[in-house]
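Peer 1: These protein sequence lines are chains A and B, in that order. Residue 248 in my numbering is what sits at position 248 of the first sequence, and the numbering runs on without skipping anything. Residue 3 in my numbering is what sits at position 3 of the second sequence, and the numbering runs on without skipping anything.
Check each hint, because a few of them may be wrong.
[Claimed, not checked] Just a sample of chain B residues kept apart from chain A, beta carbon distances all over 12 Å, derived:
no. : residue
1   : Arg90
2   : His103
3   : His104
4   : His128
5   : Pro148
6   : Asp149
[Stated by the list, open to error] Derived pair list, reagent style DSS-like, types lysine-lysine, alpha-carbon separation capped at 27 Å:
no. : chain 1 : residue 1 : chain 2 : residue 2
7   : A       : Lys36     : B       : Lys81
8   : A       : Lys177    : B       : Lys82
9   : A       : Lys36     : B       : Lys82
10  : A       : Lys333    : A       : Lys355
11  : A       : Lys333    : B       : Lys82
12  : B       : Lys82     : A       : Lys159
13  : B       : Lys81     : A       : Lys159
[To be verified] Selected chain B positions facing chain A (Cβ under 10 Å, derived; list incomplete):
no. : residue
14  : Cys31
15  : Asp67
16  : Trp77
17  : Arg133
18  : Ala141
19  : Pro164
20  : Ala176
21  : His184
The hints are simulated quantities; they were obtained by calculation from the structure and are not laboratory data. Since this is a predicted model, take the numbers as computed values, not measurements. Glycine included, C-beta positions come from ideal geometry on N, C-alpha and C.
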Amino acid sequence: MSDDDRLDELATQLPYERPDEARREAVRASLLAAAKQEHDAPRPRYKLIGAAFAAGALAAAAATYIIVRPSDTATAPVAAQVEASPSAEVERQVVHDGAGHLAEVVHVRTGRVHVASAHPGEAVHVATADARIEGEGAYDLVVADDHLRALEVRAGSAKLALHDQQVIVLAAGQAWKAPVITAEVDLPSVPAPAPVAVPVPAPVAAPAPAPVAAPAPAPARVSASAPVAEPAAPVAATAPAPEPEPTPAPVVETPSATHTPSPTEQHFAAGWSLLKQGKAAEAARELGVAADSDGDPQLAADARYFQAVALARAGRKTEAENALVAFLDHAPKSLRRGRAAVMLAKLIAERGDAKSARAWFQSALTDPDPAVVAAARAGLAAL
Amino acid sequence: VSRGQIVPLRRAPETRATIAEISDEALLAACGVGDTAALGALFDRHNDAVYRLISRLLRTEPAEIDDLVQQTFLEVWRSAKKFGGRGAVRSWLFGIAANTVRHHIRGAVRRRAALAEVPPPPSATTPHDAALRAQQVHRLAAALEELPDDLRVVYVMCDLEEVPGVEAARVLGVRAGTLWRRLHEARRALREAIDGGTS
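Please model the complete structure; the sequences and the hints are all you need to start from.
Peer 2: The structure is reproduced here in C-alpha cells:
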C-alpha cells in the first residue's frame with residue numbers, strides 16, 4: 001500500500017460531527033426563521049436586475065449600467081450620474097421590468113464614461129463582456145469592443161470582478177488597466193526534436209499532447225491590437241525562421257531594427273536553440289535562467305513552460321512537475337495552459353497520484369484546442 | 001374547405017415534482033426569489049455533508065458547529081442569485097462553508113477545543129493493530145488540525161469530500177496550480193504526521 005493510499009484509508013476514519021435529529025431540526029427551524037426574517041425586511045438599496053430581464057433588454061449592449069429601485073415612486077429613478085465622452089456611443093433609457101421595478105439603463109458600446117452614485121452609499125453596477133463592477137462613489141471607465149480596458153476610482157471604492165479571477169477592490173485614487181494581451185504564434189514547420197523523452201504513463205493511453213510531441217512554437221509575440229488570428233503575415237515579419245538559422249530571438253511587441261535583446265531574451269533564445277538541438281539538460285538550464293529573470297513576465301512564463309518540456313525530456317520528472325506547477329500558477333491566461341495541464345497530469349499519473357492527475361486532466365477539458373481536450377479526455381479514461 | 005369544429009381546450013393536469021426530483025440548481029433558484037421551502041430542502045439534502053466538512057475544518061463544540069452550519073446556509077440563501085452555474089451546487093456550498101469557517105477562525109482567536117474522541121477503527125484484525133490504527137488516526141486528526149487553514153480546507157474539500165480540483169479552486173478563489181500545490185503540501189504533512197510515531 002502506498003503512502004497516499006494509507007493516508008486515504010486512515011482519512012476515512014477521521015471523526016466528524018453527526019448531530020442527532022433534534023439538533024438538526026433545531027438548526028433547520030432557526031435557519032428558516034432567519035431567512036424569512038431577512039426576506040421580509042425592507043431593502044432600501046437598489047437591486048441589480050435579474051439575469052433574464054437584463055439579457056432580454058440589453059443583449060446588444062457592450063457595457064450596461066443598471067440601477068433599479070421599486071416603482072412605487074411616480075418618477076423615473078435618478079440613481080447615477082453618467083457622463084460620456086463626446087465620441088462615446090451612449091444610449092439612455094428608463095424601462096420597466098414587469099416585476100415592480102423601474103430601471104435606469106445606460107448602454108455604452110465604446111468610449112470613456114464617468115459614473116457617480118447620485119446617493120451616498122448606493123452602488124452602481126456595471127457589466128461588460130469580461131468584467132463586473134460594483135462601485136460606490138465615482139469612477140471612470142474605458143470600454144472598447146465590449147471589453148473593459150481601464151477603470152479608475154475617483155471617490156469611494158469599487159469592486160472589480162474579472163471573469164475567472166478574484167475580486168479586486170480599488171479605493172479612491174487607484175486604477176486598473178487591462179493587461180496587454182499577447183498571443184503566441186506558431187512558427188511554420190518547426191522540426192520536432194529527435195527523441196520524445198517525456199514519459200507517458202502506462203495507464204494513460206492518450207497520445208502525448210502537442211507540447212510533448214511537437215514542442216513549441218517560438219514565443220514570438222504580437223501586440224493585442226495586431227491581427228492575432230492571422231499568424232502568417234506578422235510572424236514572417238517578426239519571428240526568425242527556424243532554419244537554417246535556428247535561434248529564434250523572441251520578438252517582443254514592436255521590435256525595431258536596433259532592438260537589443262535583454263538578458264531574458266538571450267537566455268530564452270539560447271535555451272530554445274538547445275532544445276531544438278536535442279540538448280535537453282542544457283536547454284533546461286538556459287530556460288530556467290530566463291524564467292527566473294526579472295524581465296518580461298510573459299516571456300519568463302513561456303520560458304518556464306519550455307523549461308518543463310526540456311526537463312521532462314531530460315528525464316527529470318519531479319523538476320518538470322515543479323516547473324509546470326509554477327508555470328500554471330503564474331500564467332493564468334497563457335494559451336499553453338491546457339497543454340501544460342495535460343503534460344502535468346501525465347507526469348502525476350505516472351507516479352500513481354490518480355486524484356491529482358484527474359484534476360489536471362479535468363482542468364484541460366475547457367481548453368480551446370480540440371487536440372488538448374482529446375488528450376485530456378483520453379487521459380481521464382485511462383486513469 | 002372543411003368546417004371546423006370547436007373543441008374545448010383542456011388544461012393538462014398539473015404535475016408537481018417532488019422535492020427529490022428537483023435539482024439543486026432549481027432549489028437554489030427558488031431560494032433566490034425568496035422560497036424558504038427550497039432552502040429547507042437544500043438543508044435537508046446537504047446538511048450532513050456540511051456538518052462533516054465544517055467539523056473537519058474546525059474542531060470545536062457542537063453548538064458552535066451548529067451555528068456555523070446555520071450561517072453557511074443563511075449565506076447560501078443570501079447569495080443564491082449569485083450562483084453562476086459553473087460547477088456543482090454542492091461545491092459552491094462547500095466554498096461558502098469554508099469561507100464561513102475561515103471568517104470565524106479569524107474573528108475569534110481559535111484553537112481552544114481539545115481533540116475529540118477518536119472512534120475505534122472498524123477493520124483491525126488484532127488488538128495491537130487496532131491500537132496502532134487508532135493511534136495513527138488520532139495523529140492524523142491532530143495533524144489536520146495543525147495544518148494551516150489554506151492547506152486544511154483544500155485537503156478536506158478535495159480529498160475527503162472529493163470535490164473536483166477545478167471546482168474547488170473556483171469556489172475557493174485560487175488558481176488551480178495553487179490548489180494543487182496546497183493539496184500536495186497538505187498530503188505530505190499528513191503523511192509525515194502518520195509516520196511520525198510509527199518508527
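Peer 1: Evaluate each hint against the coordinates.
Peer 2: Verification of the hints:
The Cβ of arginine 90/B lies farther than 12 Å from every Cβ of chain A, with a closest approach of about 16 Å, so its non-interface assignment holds. Even its closest Cβ contact with chain A, about 15 Å, leaves histidine 103/B beyond 12 Å, as expected for a residue assigned away from the interface. Histidine 104/B, annotated as away from the interface, keeps every beta carbon of chain A farther than 12 Å; the closest lies near 15 Å. Every CB of chain A is more than 12 Å from the CB of histidine 128/B (nearest about 17 Å), matching its label as outside the interface.
Every Cβ of chain A is farther than 12 Å from the Cβ of proline 148/B; the closest lies at roughly 17 Å, confirming the non-interface assignment. With a closest Cβ-Cβ approach of about 17 Å to chain A, aspartate 149/B is found to remain outside the 12 Å limit, as its non-interface label requires. The suggested pairing of lysine 36/A with lysine 81/B holds, with an alpha-carbon distance near 16 Å, which does not exceed 27 Å. A hinted pair counts as satisfied when its Cα atoms are at most 27 Å apart, and lysine 177/A with lysine 82/B qualifies at roughly 25 Å.
The suggested pairing of lysine 36/A with lysine 82/B holds, with an alpha-carbon distance near 19 Å, which does not exceed 27 Å. About 24 Å separates the Cα atoms of lysine 333/A and lysine 355/A, which keeps this hinted pair within 27 Å; it holds. Distance check on the hinted pair: lysine 333/A and lysine 82/B sit about 24 Å apart at the alpha-carbon level, within 27 Å; holds. Distance check on the hinted pair: lysine 82/B and lysine 159/A sit about 15 Å apart at the alpha-carbon level, within 27 Å; holds.
In summary, the hint linking lysine 81/B to lysine 159/A is supported, as the alpha carbons are separated by about 18 Å, within the 27 Å threshold. The closest approach between the C-beta of cysteine 31/B and any C-beta of chain A is roughly 8 Å, which is under the 10 Å cut-off, so the hint is satisfied. The beta carbon of aspartate 67/B comes within 8 Å of a beta carbon in chain A, closer than 10 Å, and the hint placing it at the interface holds. Interface hint status for tryptophan 77/B: upheld, as the beta-carbon distance to the closest one in chain A is roughly 5 Å, under 10 Å.
Interface hint status for arginine 133/B: upheld, as the beta-carbon distance to the closest one in chain A is roughly 8 Å, under 10 Å. At a threshold of 10 Å, the smallest CB-CB gap from alanine 141/B to chain A is about 6 Å, leaving the interface hint in force. Residue-level restraint check for proline 164/B holds (minimum Cβ-Cβ distance to chain A is 6 Å; threshold 10 Å). At a threshold of 10 Å, the smallest CB-CB gap from alanine 176/B to chain A is about 5 Å, leaving the interface hint in force.
The closest approach between the C-beta of histidine 184/B and any C-beta of chain A is roughly 7 Å, which is under the 10 Å cut-off, so the hint is satisfied.
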